[in-house]
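Undergrad: Relying on the hints, combine the two individually framed chains into one complex.
First to last, the sequence lines map onto chains A and B.
All residue numbers for the first sequence refer to the numbering used here, where the first residue is 55 and numbers rise by one.
All residue numbers for the second sequence refer to the numbering used here, where the first residue is 658 and numbers rise by one.
The reader is advised that the hints may include incorrect statements.
[To be verified] When the alpha-carbon atoms are kept at most 25 Å apart in a straight line, the in silico DSS-like pairs for lysine-lysine are as follows:
{"id": "1", "chain 1": "B", "residue 1": "K810", "chain 2": "A", "residue 2": "K145"}
{"id": "2", "chain 1": "B", "residue 1": "K839", "chain 2": "A", "residue 2": "K141"}
{"id": "3", "chain 1": "B", "residue 1": "K988", "chain 2": "A", "residue 2": "K238"}
{"id": "4", "chain 1": "B", "residue 1": "K998", "chain 2": "B", "residue 2": "K988"}
{"id": "5", "chain 1": "B", "residue 1": "K1005", "chain 2": "B", "residue 2": "K962"}
[Said to hold, decoys possible] Computed from the model, here is a short list of chain A residues facing chain B with C-beta under 7 Å:
{"id": "6", "residue": "S138"}
{"id": "7", "residue": "D161"}
{"id": "8", "residue": "M188"}
If you're looking for bench data, these hints aren't it; they were derived computationally from the structure.
All values reported here derive from a predicted model rather than from experimental measurement.
The beta-carbon is built from N, C-alpha and C at its ideal position, and this holds for glycine as well.
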Amino acid sequence: MFFQDIIQNLNKFWSEEGCLIMQPYDTEKGAGTMNPHTFLRAIGPEPWSVAYAEPCRRPTDGRFGDNPNRAQHYFQYQVIIKPSPDKIQEKYLTSLESLGINCRDHDIRFVEDNWESPTLGAWGVGWEVWLDGMEVTQFTYFQQCGGVDCSPVPIEITYGLERIAMFLQDKESIWDLNWNKNLKYSDIWLQFEKSQCSYNFTESSPDNLRKLFELYQTEANNLIEKKLTYPALDFVLKCSHTFNLLDARGVISVTDRAQYIEKIRKLAREVASSWIEERKLMEFPLIK
Amino acid sequence: MSKYLLEIGTEELPAKFSHSVLDQFKSLIEFELDKKLIKFENIVVTSTPRRIVLLLEGLVDYAEDKIIERKGPKANSAYLDGCPTNAALGFANSLDIDVGELEIKKTEKGDFVFGRKIEKGLSTKISLSSIIPKLVKSLQGPRFMKWGSGDMKFSRPIRWIASIYNDEILDFEFDECDPKIKISNKTRGHRLINEVLEVHNPDEFFELLKRNRVIAIREERKEKIESLINQASKSLNLKPDLSGGLLNELTDLVEWPDLIIGKFSNEFLDLPVEVLSTVMKSHQRYVPLLLKNKSFSKLDLSSEKNICTTFCLISNGLEESNNNIAKGNEKVLRARFSDAKFFVESDKKVASIKRNEKLKTVSYLKGLGNIFQRVERIEEVTKKILKFLNDKSLEEKKIIEAAKYCKNDLCSEIVFEFPELQGIMGGKYLKYEGFSEDVCLAVAEHYLPSFYKDALPSTKYGAIVSIGDKVETLISIFISGKRPSGSSDPYALRRNLNGVIKIIWDYELDLPLDKLFKELIDFWKIAFPNFNFSKETVFNDLNEFLVQRIVSHLEEISLSKELIKSVCSSDELSQKRLLNIVDLKNRIKSIIDFKKRSTFVEIQKVITRVSKLANNSTLSKDVFSTEGYVNSTLFEKDCELRVFEFIRELEKNLSSGYCNYLKLLNLFEINVNTIEDLFDNEKGVLVMTEDIEIRNNRLNLLGFIRNYSLKIADFTILSS
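Excised from the complex, chain B in its bound form (with noise of 0.2 Å):
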């Protein structure tokens, strides 16, 4: 059995395209080896921030043969009184075969002759030549590039590559970078080294590459940075802050990783831990320790409860000059700190309201005034929500002055720094100016859910103000006669509306979104008379786009795509009902629950029968009142009576509002074999009679179950 091993040695690649090119690399590798008939035991693809590397182990010298199955001419065209005619020789002579190995197929279109052809398989050492250098250029990144004067684009330049099968060189064409590539079987060591090392073969590989300080198994590379960190916690007691992310990109910026514990100075942790972590995490790719166990206020502005004054630090420099390097590194640390707490400082000196003034000065988008205007457009939005939630729990006060303090941070000096910690450093602030925690708690979360899985803002102030800062930047758009398109959304109006959405769901606010926008475009064509918009071309479109997200809504929350088309069929009446949110979800709950029942299938089945005869009457889909459309006088049979009486009864339990959906389920199951009835045999009648007037009677009893059932769900759709 052989062994190839392949280098792509380059310049310092992107730390997520040299992870994320390996996955691409492999498949790409045995798909083609796979159509060659390359047989191989093991495949080990990996990489460094300065080498690609290729493994295949068990390789087979020769491709398996390919037998190869042709078909001739006609039989009968091929064998004149059982001996081969011209045809069928020179057939045979095409595949290289005797003329009697040939046979006789039947086939659609008649008999035939086939040939069999074995084709020998190829030298994977031709085959790898062929393969590599084309596989090589298909890879596929992020902002390829070209250097020198070469044709050649990738994600840096390529500047040498091995290419060892056994113990020799398998050569190929790669010329199109500058300078061009000579194939070898040198490698390099780590780039302080910077020697050229001659492999001898792909067994040694590895070794060699240890011994001149470079873990070229990325993922033995993780693993030691890993352990190294959860090591040096565990001897500390302290917790380390380091995502799978931070994790990664460690791994794919160091050949050689060592840990080296570095200290920053005491005087710095009256700074938030949330800068800390910024600068250290984002700026540094350093890992902060944080310690355990303690509570944690987002309101805090210092950071002595939470963090430790010692970090890890990742190194890919020679472990000799651990010290030197961990003192650069603090020195580096300090200069970011201190710049922070230089902003930190003089934010400190300035009123939140005097920032507020600043906000004047800061210009929205065009036409819209500065972010001080939009920002009172924010508390009119917020003073709306709360009119409708009429919910006696809430201080207007307190809302008010969460509403009116959002953005004051946006005029801070750390927030111009560092523009993630906009929002949370505002609270802050407040906090420090003795603000009550309510208000503070609510600017701090205000930007939440800033994604789509992020956390909501953990009190009903600061959903207030989320839900009121996102409409604003809604209907301002809007109005200024942007849409967002499938293709672009440069406001991320899709973004805050679902925000908007999730935190309506999760709160279950009796919020009537079209309502609060109705009312809002009147107070916008007030606050801009200049814009010239139509209210209701707004008010539709942002209605339309409403409903468009909250059905993406239910997709997130991986409901089931019948479950979703039942409930949000496409009239218009049912679009109108999920505006209704907590509605919405009430329904949506009921039908999962009662679901569950081992009578829901029976129920299913006849409320789709009854739907689908009832289209033939001429009942309209928003008819829930009996009166002059059934009389009984026309009943024959009792059963028709007694649907009646059950459709009498759901109308007395439906006012036009809310509906308590579970209770509607509980009739429609009770009344299940009343319906079913209809039908029977003998209790039942045709419904489909001859008298027109009897028949129009019953299609429109079958009508109104119809109808009180679509108020649940499009049970048609709904599968059991």
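The shape of chain A in the complex, shown without the other chains (with noise of 0.2 Å):
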């Protein structure tokens, strides 16, 4: 099955399930979680279902494509569905089928694996699962957001796009991956990535990016003062990725990260509380 054809399949099947079938966010971002379709959407009472791909950038895992099984950009699918149904996991495994994974053929297990990310002021509890000793998809019930309580509780489900690939074409590397009949991951993927990790590692201005940093978050300030839920937490994305960026150069102590950190952390919680306050005017709306 080509690249393209398992975002299509899981598309189709999530979609038939009843979810929403949204395009990619357009800023950076290190996971599908931090796109407002799933950070903003996982707190409130109003219930939700989407998917969608969504490319992620890391740029501490850039090995300028050396590396066969790890790159600074790549990409999740992303399922949020809250509140989190029952036979959720049944349906996963259904969805595996549906990319022509008999999971009666495999050792398929869930391990305890708990998330939490810092700067979202986020955690959830849930498993990675194993698909014969690979981990190809992580599974959280996310029980706070934003630093806000998650009531109704969503269940957040992020396949590793590469992995599974990696296992249906039965390739050893991300980059020999086929996209489609043509052209392969490489084809399309490879250039950008070289490119990406030099300026990663080594043409990024550090002092350029503290700046930014310092601009960004401003920028978001103003905006949360403004009660300007969207474009604040756009900024506060910004943040997040210029953070990575410096991170990257390794140009970061551990006590200049917990304070990169807690300046992003304090952003996500007050643009999540603002988010809530204003969907409590308009009344909750998808609340049927």
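TA: What follows is the structure in structure tokens.
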């Protein structure tokens, strides 16, 4: 199954399960969770079901395309359903079947893995899903997001698309994956990977990044004050990505790190509570 | 006799919880049943990743009758001329018994009327239906969660509950889950079979599950896994690297364990065995198979002498798919190993000295510069230690080299990926570059001990670098104004200092830590002119912390409380003496040896008597020279003179620094009668005599005996 068909199949599967099918969000982010379709919609009393593919950036994970299993830019497939429904694990296993993975042929396990994002003020409990020893999916019952208790509780399912594709296509390197019949993953992304790695590790200017962080932080604060939740979140995400870029340059000390994380978390919390207030004023329109 | 079965069906529980919940659940149930007087013969509590099961066998259907005795009105108001009054009638009535059944009993407050009532035992079914939901909700564990829209909190979502009393469903209220759970007699088999199964009675439950590929009895699963692995390794003549922890985890990760033998390619044998086994054990939960009787060097970069390319994997799949599952896992392992190999290969291309340079880009703690600078300070500390030790068997060049390179692997790719291999990999890389064995081993082991029962560095070189590393952290954190508190010790200073003490104790290093601290604080003051700290405060705080950790070390090596107290009694003098750890070890050993002697009790008694009396003396505890304190012309009897000679003997044998404690104790042993004679009716004297001058002279004599005995221990605390 080609990479693009995996996404299509998952779209089809979760669409039939009643999820909205969304497109990726247009700001750099470390995980699909940061997309407002998850980060904001996960909190508050309104029901919500959505699925989307999300490109993610983790600058420190870059290896100039030399590593067969790791890149600073990769894809997640994210499903979020609130409230978490009964039989969600079974539904997930059926979604694997829709990709041609017959569960009875494999050893599938749900191994405890609790998730925490200090920058988002979010945590949840769940598992990583092992498919014959390979971690292919992260399953999380969100308990808190942006410092707000999640009630009802959403379930987040995050598929590692490259991992699943490597499994399905029997490849040993992400770069060898077939995106479609004609082109490989490397044809599309290798050059991108290399130049981004050069930027992340050597060419970025730590001074400028520090300045940018401050600018983004100021912008986010101003927007929070004006109760403009969505643009405020955009700038929180920019802060987070800028912090990751500084981290990749190795210029962040242990204490620096704690302070940066605290700054971002504070912003994320404020955005989250301002979003709840906004929805409340709108009388939570999705509650039917 | 009846049986009751409860199964709480869940989504996959964390391995640790599904194990730890068993004792908790069992004791809660036993307590409740006991309280309700419900008798049973046997209780089974077990779990799998997807269920917690309780089975009660030999259960009575009704609790035992309970006899309740109540106190009623006073006897004199309950009966008038032998006839029951209204008070007595009312009391009997309230107990629903005949007034004639009342009895009069004496109490401390006079005679009272008592009545006995028999409360019929409740039906076990009714009791269980209230006990069970309460108990399930009171189970505790780390990180409990909510799910859906429900309010129930548990380790993972509860999805079904089977509750069966003999052959019927025992219903109870359990409403807080979303979706609501209907108590039933239905269970589920293995996840990959996923059929709903009806349980007709508790007897057939475990067999029914087995037919559907679930071994619900945890012990049975554990034994099966262990014997599968042992059999396989025996037939291959290999040794399984299976710890108790891993075996438990494997048991709690599967419902239907099966052994699959996997293989990895020879090409990965040029990776260190620590890397291979970390990947297999901690990341993949495989059981590595080690070669038997092979010598193992921590500094080997390759593992061909240690490990076999075959490994064990405990699967939770269906056995008809074993081939497929083996292939999948081998592929994953290949990817993980390739990753590691990639890291090691690129590390090997970089010389350690280059990696050391890179440490300049890694920040340490705020204001304390980078790791390179920290390493320079570690070097300085080790030099000072060497100076104090003055041990001719150690080569300074090697110590300095080991200190200099001890952190180089922090900038290696493999340690970035596998932080738990720090130190070890540094040692291996240095060996690969041709550094001497002593240097490499010191680097490899300088994080030891990293927890209390951990091994120590195997050489003195490693021991010194380890102390250097830990002391550097201590001083840096202390000068930046931070102190560990009871609840918070983010820099693990306690563990660090405990490690230092343990090394000094075991290696018997003649290293005065307080003096080392003093010199180092001066050095830090110069290195960090911007830090505004008082040298004295830091020094005093460090010393206080040190005393605290030394005492805790003594507790950890399981010395008795009174022995610890008797050598550490709280005055400043004895505290200061604790700082000399080798001397302390000596002292304690001498006391323990001496305590075994038959004469000990007598010595202990007389010193205690002397010490108690001596407290009437004005002689300070830090005086050891009799000059000016004892006047022999005031002696009235021979016994005083002989005690005086004994004290002079002690004085001669004791230079201010080190003591030969055994010798000192021997002196006490020889002279025990001399001291006792002081108190003898005929030979002795009255210490608290009228004449002040003579009295003080005698008290001072006793004071000296006390002072010298305190050099060893406070005998008044020491029990025989």
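Undergrad: Against chain B, run the beta carbon of A/S138 and see if the smallest gap drops under 7 Å.
TA: Because about 5 Å separates A/S138 from the closest Cβ in chain B, which is inside the 7 Å limit, the hint holds.
Undergrad: For the pair supplied as a hint, B/K810 and A/K145, is the alpha-carbon distance within the 25 Å limit?
TA: 23 Å, holds
Undergrad: With chain B as the partner, please determine if A/D161 meets the hint condition of a C-beta pair closer than 7 Å.
TA: At about 4 Å, which falls below the 7 Å cut-off, the nearest Cβ of chain B leaves the hint on A/D161 intact, so it holds.
Undergrad: Is the Cα-Cα distance between B/K1005 and B/K962 25 Å or less?
TA: Holds. B/K1005 to B/K962 sits at ~20 Å (cutoff 25 Å).
Undergrad: B/K988 and A/K238: Cα distance at most 25 Å?
TA: 21 Å, holds
Undergrad: Just to be careful, I want the Cα atoms of B/K839 and A/K141 compared with a cutoff of 25 Å; is the pair within it?
TA: 15 Å, holds
Undergrad: Starting from B/K998, check that the Cα of B/K988 is at most 25 Å away, please.
TA: Holds - the C-alpha atoms of B/K988 and B/K998 are around 15 Å apart, at most 25 Å.
Undergrad: Please verify that hint: A/M188, Cβ, nearest Cβ of chain B, below 7 Å or not.
TA: 4 Å, holds
Hint compliance for this structure: no hint is broken.
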